[in-house]
Amino acid sequence: MTSMDSDEPPATAQVAQLPPSYRFFLGDAEGQLKSWSTPCPPLPADYQAQLPQVLPLSNRQQSHSAETAVQRMASGIIEGIGFVLAIARRNATIDVVLPPSASDDPSTSHATLLVTIKNDKMKAGLQRWVGLAVGSNCIYAATSAGNFTKTVLSQDNGSSASSSSSSATPRRPLSIASTHHLTLPEPLQSLVFHPASNPTSFLYGGEEIPLSIWNIETAFSTPPSQAEASDDGYTAPNGEEQTPAAATGGAGGENAKMRKRKRQAEARAKAKELLWGEVWRAKNLPNDALSLPQRPNITSIAVLADSEDTPASPGQASSSESPERSSILKFKVAVGTRDGLLRVFDPSSGSRKQVKEFSIAKSTPIKALVNPAAGSNEGELLAADGEGKLSAVDVVAGKLKYQWKDITGAIASVVALPPPTTEGLASSPSSSTPLAVSSSLDRLLRLHTFPSSSQSDRKKAPSAASARGQNLLKGFTGGAAVTAIVWDGAVPIVTAPEVDEDEEEEDESMNRGAAGEADEEEEDGDDDEGVWEAMQEVGEANGIPSSRSAKKEGQRRSKRLSAAGPGGDEEGEDVGDAEEAKEERAKRTRKAD
Amino acid sequence: MDEAESSLGRGNFKHIGNKAKRQAEYRKYRAGKRKDKLARRVAQAKEEKGADGQEKKRARLAENRTRTIENTRLENPTIISEPNSHPGLKPSQAVIDAQQQASGSSKPKDKTDDEDGDDGDDAEEEVDEAALAAEEERAFEDASAPPAILITTSAPSSSTSPHLASVNARSHPAERTRDFIEELLNMFPGGEYRPRAKAKGASLGKIAGWARKRGYNAMIVIGEDHKQPTMWTLIGLPEGPTAVFRLTSVRLGKEIGGHARSTPHSPELILNNFTTALGHSVGSLLQSLFPSIPQLEGRQVLTAHNQRDFIFFRRHRYEFALRKGEEKARLQEIGPQFTVKLRKLMPSLPKGAGGWDGVVDFDGDGSGAVMDMGGGGEAGAEAAEAAPKSKRARGQVEETTSEFTWKPKMGVSRRNFYL
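These protein sequence lines map, in sequence, to chains A and B.
Counting with our numbering, you get residues 1 to 593 for the letters of the first sequence.
Counting with our numbering, you get residues 594 to 1012 for the letters of the second sequence.
Chain A extracted, bound-state conformation (with noise of 0.2 angstroms):
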């Protein structure tokens, strides 16, 4: 995408000269899918972001409207056929779309569609899109009305007429095996599945709906027949069911109102109980001062991925699934309300109240609430309302840390990225800090740092615990606002500024495939390590920097073993390249001693 030559050298060696990047895919308000990429900090001086580039859907007319606005898009992998996107759009469609690698062609690189899903039950334009993410083989999408779908997607071995794919290596299309529903209660905010992709369970909530939190598979399981279920009584963990009380009178019309009693005090049992599929529900509000009721007033959620393992609390719920629940529910979640309050839930706790409530906006919704990369920005969020507000909120302190200045129109889409991997040991502080990159209502794309402030860098310089994130870079959209961002995955390896010549390629494929494990590995270890390696080498080669700098060859070797994909030949290279690289550097060392 980005070529720094004008000439087309062949397509190894132009992936050689492509400076490291992060990619991604944007879907906008018109419909159309744009993949863009940004060059990893410290920026070239004059560097102006570029326009995003279409990427042309095959087998599809491009027709560019409102209709077919993009919502939502996720991304995973589904098995057989790799790194896909699923966009959701405002036509009650989701396309499943086979995007082209960072090594194509970028002028004629488009997107390949494998399959289009319908849902008829979605009123196109009355209700929208409210949670998407790819299982392994599915696809899982949530509306505002409460309907849930699971469609499960399967390869077709002979390519059929409507979705022949015209690229010169052919796709093996996909098609709808079946759809399975689920009917969630409405009208719903936003739902979040836990893993992004491949989910195993999934959380809602709504203005009058409180949090809730479901497994998956249980939820599509058949559940037991009704007089089981009545008896075992599925209930909250606090066990609250009340019985009617007894009747007393006699007489026709108090007989009247003990029915009428008694189905009341059934209905509020009934919908305490937990639904089929349901592992664990917030707790109502309690009355405010004018003792009327308090709705939950949920606009996004995010779950907070806990590093600590934490033991399984003494539980109070003694039913049979007390094991199970707290297997799922060892993560915290983050709630943000239509009144700019921020609510954390610990369901492990087997607590059904909030944690921890605070402020971020006053009164102004917060629109959403996105995770930092993984092992970075520990106990911090990203929170953006509807007013062009994005900021950093730690949650563990319970306050607003910072907000990135200079955005104008409300914050549609944002991505936490974590820093690019530094390969060798001359990695400045600004290639390290994380970033992330929000589209904007006001036609812009930016980049930001997210600089994390962790535990060890409080001690160690406290200054930099109050740093604040910057914005690197802004860029036009080139027209529609952007709705939907997805990030590839590939997080890009960045080599130290003085050897030139051994320039790696981005292993992208090979990342990917990984991406999940390998990425938090070494997020750990570049945490610690890097402010540490900011600082100039002054020992030997056989000293502290060689060992650490081994462990880190280590892991990524061991990631692209584990990883399997092309490009086998390189590996022998890459290492060795390193190898030189370091005892260069070493030399220069003593040279300088």
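Hint data in this document are derived by calculation from the structure and do not stem from the laboratory.
Ideal Cβ placement from N, Cα and C applies to all residues, glycine included.
Errors might be hidden in some of the hints.
Said to hold, decoys possible - Some but not every residue of chain A turned toward chain B, in silico, with C-beta under 10 angstroms:
1) Ala271
2) Lys272
3) Glu387
4) Gly388
5) Asp442
6) Lys474
Claimed, not checked - Beta-carbon label-pair distances, calculated as ranges:
7) B:Ile886 with A:His181: 48 to 58 angstroms
8) A:Pro56 with B:Glu729: 27 to 37 angstroms
9) A:Pro56 with B:Lys921: 46 to 56 angstroms
10) B:Leu667 with A:Ala66: 45 to 55 angstroms
11) B:Pro831 with A:His181: 27 to 37 angstroms
12) B:Ser1006 with A:Lys330: 18 to 28 angstroms
13) A:Tyr47 with B:Glu675: 47 to 57 angstroms
14) A:Ala66 with B:Glu675: 21 to 31 angstroms
15) B:Ser1006 with A:Ile176: 49 to 59 angstroms
With chain A's structure known, arrange chain B on it following the hints.
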């Protein structure tokens, strides 16, 4: 020139304590400067009257460009087009390339459409032609028909006339606002005025929802403060953007000296200097208030001129006359004239509008289903039945995001413009 100036000194006479002497020295310095400047300009004029004079003058003017605020505007990546009326920032190369690509790729599309259209026998072709002709006529009529605009005022405050009996009596708009609305009704050929009720008042979103249902194409709301019209809200109706402007410098036609009388012809539209993506959104919203095919025989033109984020509205009628052998346009202003500045742009209707099933009901009978716009007949019927049951239809979510909100700190740099 330089020698003369250096001989005059630096113009700093603070070291002279004697006031009379100091003043005299300063006067001498200033006179010297003036003399030098005159000599220089006379020499320059003489040179430029001679041979190659025009070129020299052009070169001099090109070199000495006056620094203006428009000249020194801060870089804005969302600029799509160049300003019309003054030299200014051009779109970036990437944007120009993208536009060229888009226009280049649109041509082959037309060809494929033509190919697809050639189907069938002669008989079918004839029928198609007649249908096409009818469609074209309808399209022409639609494009020339003035869009229906609902004009109303903001929710009135009780302080307007506090001594009257009922709430509604107390809530009439002030005289100035009423006059302005009258002139607006002349300006917008499709405009209709409905007073805003205070008692049992509805929010703007609800009114927009009703107007959408009734088939209006746009809505204008005049906001009032201190008995003057101060806010102007434009709402594009089926889905459209809500733009809130601050309204200033309102001059009615009758206050403009030598003003012309307005006629009901649709004016031609001139939109100047709408350069950025936001500017184009606002410009297209203004376009939607008028028929796209103007009545040229009316010889009226409405100019919306954007400069430094202020949009100046003027209405003129023009006449071509021969003057000194050249045909020139003479203008006469029709009122009103006013200035607006964008305060907020929301891509949706105001809060409270709710969902719409696409059914338009022009007469308000509840007969419904006169014109289905993408919703589907069945869905419309169901919704019409279900609507009285639920106050807020299930699954509909309000989006109240704003595309642009003006904040005072945006004006601090004085070089940063958004339209």
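Original post:
What hints, given by number in increasing order, does this structure fail?
Top reply: 1, 2, 10, 12 and 13
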